[in-house]
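Here the protein sequences line up with chains G and V, keeping their order. Per the numbering used here, the first sequence starts with residue 1, numbered consecutively. Per the numbering used here, the second sequence starts with residue 1, numbered consecutively.
Hints were generated in silico from the structure; no laboratory data involved. All C-beta atoms in this analysis are idealised placements derived from N, C-alpha and C, irrespective of residue type, glycine included. Incorrect hints may appear among the rest.
To be verified - Computed Cβ-Cβ distance ranges for the label pairs, DEER-style:
{"#": "1", "chain 1": "V", "residue 1": "Glu44", "chain 2": "G", "residue 2": "Asn72", "range": "53 to 61 Å"}
{"#": "2", "chain 1": "G", "residue 1": "Gly79", "chain 2": "V", "residue 2": "Gly31", "range": "24 to 32 Å"}
{"#": "3", "chain 1": "G", "residue 1": "Pro102", "chain 2": "V", "residue 2": "Gly11", "range": "44 to 52 Å"}
{"#": "4", "chain 1": "V", "residue 1": "Glu44", "chain 2": "G", "residue 2": "Asp121", "range": "30 to 38 Å"}
{"#": "5", "chain 1": "V", "residue 1": "Thr20", "chain 2": "G", "residue 2": "Tyr98", "range": "14 to 22 Å"}
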Amino acid sequence: RGGGKMSPYTNCYAQRYYPMPEEPFCTELNAEEQALKEKEKGSWTQLTHAEKVALYRLQFNETFAEMNRRSNEWKTVMGCVFFFIGFAALVIWWQRVYVFPPKPITLTDERKAQQLQRMLDMKVNPVQGLASRWDYEKKQWKK
Amino acid sequence: IHSLPPEGKLGIMELAVGLTSCFVTFLLPAGWILSHLETYRRPE
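Build out the structure end to end from the sequences listed, making use of the hints.
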């Protein structure tokens, strides 16, 4: 392979969805490769298999088989996703401890029990809802 | 400042340092303010 920088944003980078870039992969050719390029201008039946492969490698970065091969990158991606979800959870935990104000007193267990008692005393939703499930004689939930 | 992806592959150490500094610069000042919210409040 010849030299030449390869950056993903130059036009020499063939992709599956962009298979024929304007620029060849290798632009700076040495003498041997120059000779091969000259030979390419003649009849292609004169080329050997190895020369055809070499010419392909000068023109393209990867073959389709190489582009289509499976990679394990998804594992890295999923790992990063879960890592950052966990990190966000840590940030939220920190906020609960150091940022959030104390809960309003209406959310304490005692107040919630009082509120429930009040709703039962008022017979809230006695047909299908809360009060219908409360046994007022035994003072417990109906089984 | 570079706006192109890195030419070489990043090592674990470079990744760790870069990510940590990013997170620290974004989260520490915000966290400082959040955790001192009460002290910024005007006494009523």
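Where does the structure disagree with the numbered hints, that is, which hint numbers, in rising order? none
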